[in-house]
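Peer 1: Line by line, the protein sequences give chains Z and E.
For what it's worth, this note's numbering labels the leading residue of the first sequence as 1, then goes sequentially.
For what it's worth, this note's numbering labels the leading residue of the second sequence as 1, then goes sequentially.
Bear in mind the hints are in silico, worked out from the structure with no lab data behind them.
All residues carry an ideal CB built from backbone N, CA and C; glycine is no exception.
Certain hints may be false.
Said to hold, decoys possible - Straight-line Cα separation of at most 25 Å, BS3-like style, residue types lysine-lysine; simulated pairs: (1) E:K224 to Z:K246; (2) E:K171 to E:K186; (3) E:K128 to E:K186; (4) E:K197 to E:K128; (5) E:K197 to E:K171; (6) Z:K249 to E:K224.
Unchecked claim - Listed next, the stretches of chain E that the computed footprint assigns to chain Z, with coverage defined by at least 3 CB atoms under 8 Å from CB atoms of chain Z: (7) 198 to 209; (8) 212 to 223.
As the list claims (entries may be wrong) - Pair ranges (Cβ atoms, derived): (9) E:A192 to Z:V227: 28 to 36 Å; (10) E:Q151 to Z:F86: 22 to 30 Å; (11) E:L101 to Z:V227: 37 to 45 Å; (12) Z:D154 to E:A153: 24 to 32 Å; (13) Z:V227 to E:R38: 32 to 40 Å; (14) E:K224 to Z:D196: 58 to 66 Å; (15) Z:V258 to E:A181: 35 to 43 Å; (16) Z:I203 to E:D88: 37 to 45 Å.
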Amino acid sequence: MIRALYSAASGMTAQQLNIDNIANNLANANSAGYKSRRAQFQDLLYQNMVTPGSSAGQSTVVPTGLQLGLGTRASSNEIIFQQGDFAATNNPLDMVIQGRGFFQIKQASGQTAYTRAGSFHLDNTGSLVTSDGDQLQPQITIPPTAQAISIATDGTVTYTLPGQAQAQNAGQITLANFQNPAGLNSLGRSLYLPTDASGDATIGTPGGTEGIGTLQQGYLEQSNVSVVDEFINLITSQRAYEANSKVVKAADDMYQQVNNLTR
Amino acid sequence: MDAISIAAASGMRARMESLELLANNLANTETGGYKADREFYSLYTSADASADPQTGALATLPVIEHHWTDPAQGDLHQTGNPLDFAIDGDGLFSVQTSRGLRYTRNGNFRLSPAGVLTTSGGDAVQAKGGGTIRLQPGIAVEVSSDGSVRQGAQLSGQLDLASFDPQAMNKEGHNYFALVAGGSVKPAAGGAVLQGKLEGSNAGGPESAVRLVSIMRQFEMLQKAMSIGNELNRRAIEEVARVQQ
Chain Z
1 MIRALYSAAS GMTAQQLNID NIANNLANAN SAGYKSRRAQ FQDLLYQNMV TPGSSAGQST
61 VVPTGLQLGL GTRASSNEII FQQGDFAATN NPLDMVIQGR GFFQIKQASG QTAYTRAGSF
121 HLDNTGSLVT SDGDQLQPQI TIPPTAQAIS IATDGTVTYT LPGQAQAQNA GQITLANFQN
181 PAGLNSLGRS LYLPTDASGD ATIGTPGGTE GIGTLQQGYL EQSNVSVVDE FINLITSQRA
241 YEANSKVVKA ADDMYQQVNN LTR
Chain E
1 MDAISIAAAS GMRARMESLE LLANNLANTE TGGYKADREF YSLYTSADAS ADPQTGALAT
61 LPVIEHHWTD PAQGDLHQTG NPLDFAIDGD GLFSVQTSRG LRYTRNGNFR LSPAGVLTTS
121 GGDAVQAKGG GTIRLQPGIA VEVSSDGSVR QGAQLSGQLD LASFDPQAMN KEGHNYFALV
181 AGGSVKPAAG GAVLQGKLEG SNAGGPESAV RLVSIMRQFE MLQKAMSIGN ELNRRAIEEV
241 ARVQQ
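Bound-form chain E, shown alone (with noise of 0.2 Å):
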């Protein structure tokens, strides 16, 4: 293949790999907490690859390196159930699973029939210090921003908030986050707990909207250098060797 149609491959199958992160996007705008991916291009330099021999530059490919999540804050919405949580500002709530302990944004919390605050999976919140939150049946629940759970008077434990770069966690599914080997948790600063509301998804919007629009054109623009690398390509091999008679 000549270079026209390589780079031009590699900027095709880079923009299906957007296409692939947006309609994740698109698919969960109604997921609570959801955190918005976004692709990080990059050039590719392969390893052996040889310089140009005229200019000294490496061969170099357009690929999507890595993706990023977007923490930016998803929308508030009143729920008006008292064991519903939303955090405005930095924070992850802290959930105990069967694999360890994961990290989420989705404060939609219920109770167990042994009475333990759990998220809507069946997975026990974390308290503040390790431990579960436990609370009486029928008496009203009262959280305050730093996450402490009241009932009346009396404590029932803090809410664990967790803080830490959105370049150390991995989605897991069901709205969890997940720490990468390596990352560090740090007590989160700054984000307040709010009761009877739910963080609505960061994804969607306008801004999709056009993104969709630009990979389809960016798309449309590579196929045609494409076919203009295969249309240099025909012609060299039927005209340019064509003798004359």
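Here chain Z stands alone, though its shape is the one from the complex (with noise of 0.2 Å):
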């Protein structure tokens, strides 16, 4: 009976949980370049009553035993990294990564974060940084009378200067790419860092051969939140927390009952 309050009440949390998960994902519906949490659960162990196996009477043995399981737990909540939809922004310093690459942040710590969110801007000593002011590494640096800033697919940033038709060349973006982007650790303000889950980055110029991907000028990631889904994943996890609720309700009926035998 006990058991059953408990299993009850881990089903609870687990639910409590999801809608945690889900309520994260519906605020982050409008964040550029965020992408979606699943929480995933696994059931937790069991007792076993009756071991199969074990014999009945003189000459039977029990085919298969009786277990209770013990409720559940959440295993994991991974990173999909489905592609959002690009939204066009014509601001020349927006990108968008069409494949699995992610850009490179040099963070104010020194540490080199990566991120989906191609928003770009230029700070007083005109290098590319995010809206944080963090860098985009390797630095590309555009002078203050550049007209014209353009970034090819494969990368390679060109500007012109006032009266002159050449067109200069500041730099070349790469990627880094991940054996396995769901194994990474995310940090908050659309960055992510690496871990032993999702292996060290390897980095590559956006166009190669290694599916990393190409860039798109004027674009933007939008959020690859589906909130229709997590609309439906909000339902069915709130009816079944309910459900949850009314097994303890029902087992503690049962025992007030069992309480009540003696009067």
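Dock chain one against chain two, each of which comes alone in its own frame, and use the hints as you go.
Peer 2: Shown next, in the form of structure tokens:
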């Protein structure tokens, strides 16, 4: 009986976590480059009440035993790296990666982080930075007098100076690729850090054969959260929570009746 | 104790175990590839029980003899993740764990840093004929319905789908099934592997609500029966033995 109470409680905790995850996905439905996460659950250990194969009588054995499960637990919430929609922004410093790659960002601490959000700006030294001011790696510098900044699909950045017809080369954007992107560690601010599970970054130029992807200038990758799917998950999760709370109530009622046996 | 109370107490104990099975099912309504447990009621006959001298019937009591796992197909959810697999029909994925081969219906797989296809817990998925499935980074993965994993034109391996009698498997937690001692596995026939989909749990739904209500009501009836037994005992003690003056 106490097992039923704890199993139901574990179900309620798991659904709570599921709803926390859905809430974060929905809150980020408009964050550029955000990748949704999906919670995964596992059943807990089983308690053997009657072990299969034990003897039931002098000449018979129990063919299958009685196993009572002890509830559920959240096992992981993996990142779903499905491509988000592209929105045209006409900002020459916005870009999307059409493929699996990541931009490399040098954080203030000096550590390199990775992102899919390709919304860049120029800082006071003319370097390409994220909206938080972290520099894009490798560093791209554009002089203040530059006009018509162009980013090719292979990551070559060029600009023209006033009165000159010849385009100037500002540098080459390279992208990072991971063996298992779902194993990356979210840092917030759309940044990811590599872990043992994701493997180390391999750097390549866009458009290469490694499947890293190509760059498209003037577009931003939208969040890949599907609001419809999240709402459906929210409904099923809420109902599952309710069902577990009903089990708590039922176990409590039955317990009460046991206690009322003696008057 | 009298016969009514003994029978009612045995029934109440069995309903409590039923509720425990149901609680675990309902807690796992969102667990990928979970298969619901059902109870199997039986009559317990004690080896030492003496037959009723008038009818010759043995004294029997209701108990849950064992549970059985409902192998029914769970709902298939579209996830779009190329490393999510669901089996439509018969079969389980074979997984190499540190404790030996285990089987699961949860096809939420990923790649290890070395490029090996593993479960979310990091255990390697077994390929047909033994060994693991190793994938190259950055090349699209395609899986056909027979479980063959391809990258471009190159075959990386085939998922090893196993099938066995539901009676011959034991649940182990972490979405794993283990073979009971003496059970045997045969290759699955008729199951199709679907890529980008995950199988949901087959527990939950309106049927569970009905079961919950029925367990509660049956328990209540048994509790009433027990009260009646008590009441009869009380009267026998207090009233039958009363000496009229």
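Peer 1: With reference to the structure, classify each hint as holding or not holding.
Peer 2: Status of the hints after comparison with the structure:
In summary, the hint linking K224 (chain E) to K246 (chain Z) is supported, as the alpha carbons are separated by about 22 Å, within the 25 Å threshold. Note on K171 (chain E) and K186 (chain E): the hinted pairing holds, with a Cα-Cα distance of about 18 Å set against a maximum of 25 Å. Proximity of K128 (chain E) to K186 (chain E) is assessed by CA-CA distance (about 12 Å); at most 25 Å being required, the pair is judged to hold. Simply put, K197 (chain E) and K128 (chain E) have alpha-carbon atoms about 21 Å apart, close enough for the 25 Å limit, and the pair holds.
For the proposed pair K197 (chain E) and K171 (chain E), the alpha carbon gap of about 23 Å is at most 25 Å, so the pair holds. Only pairs whose Cα atoms come within 25 Å are accepted, and K249 (chain Z) paired with K224 (chain E) is accepted, the gap being roughly 20 Å. By the rule of at least three residues with a Cβ nearer than 8 Å to a Cβ of chain Z, the coverage given for the segment 198 to 209 of chain E holds, with 3 such residues. Counting residues of the segment 212 to 223 of chain E whose C-beta sits closer than 8 Å to any C-beta of chain Z gives 6, which meets the bar of three, so the coverage hint holds.
The given range of 28 to 36 Å is respected by A192 (chain E) and V227 (chain Z), whose C-beta atoms sit roughly 31 Å from each other. Judged by the Cβ atoms, the range 22 to 30 Å given for Q151 (chain E) and F86 (chain Z) holds: they are separated by roughly 26 Å. Checking the proposed 37 to 45 Å range against L101 (chain E) and V227 (chain Z) shows it holds: the Cβ atoms sit about 41 Å from each other. Roughly 26 Å separates the CB atoms of D154 (chain Z) and A153 (chain E), a value that falls within the hinted 24 to 32 Å.
A C-beta distance of roughly 37 Å is found between V227 (chain Z) and R38 (chain E), which places it inside the suggested range of 32 to 40 Å. Checked against the hint of 58 to 66 Å, the pair K224 (chain E) and D196 (chain Z) passes, with Cβ atoms roughly 60 Å apart. For V258 (chain Z) and A181 (chain E), the Cβ-Cβ distance of about 37 Å falls inside the hinted range of 35 to 43 Å, so the restraint holds. Taking 37 to 45 Å as the suggested C-beta distance range, the pair I203 (chain Z) and D88 (chain E) conforms, at roughly 40 Å.
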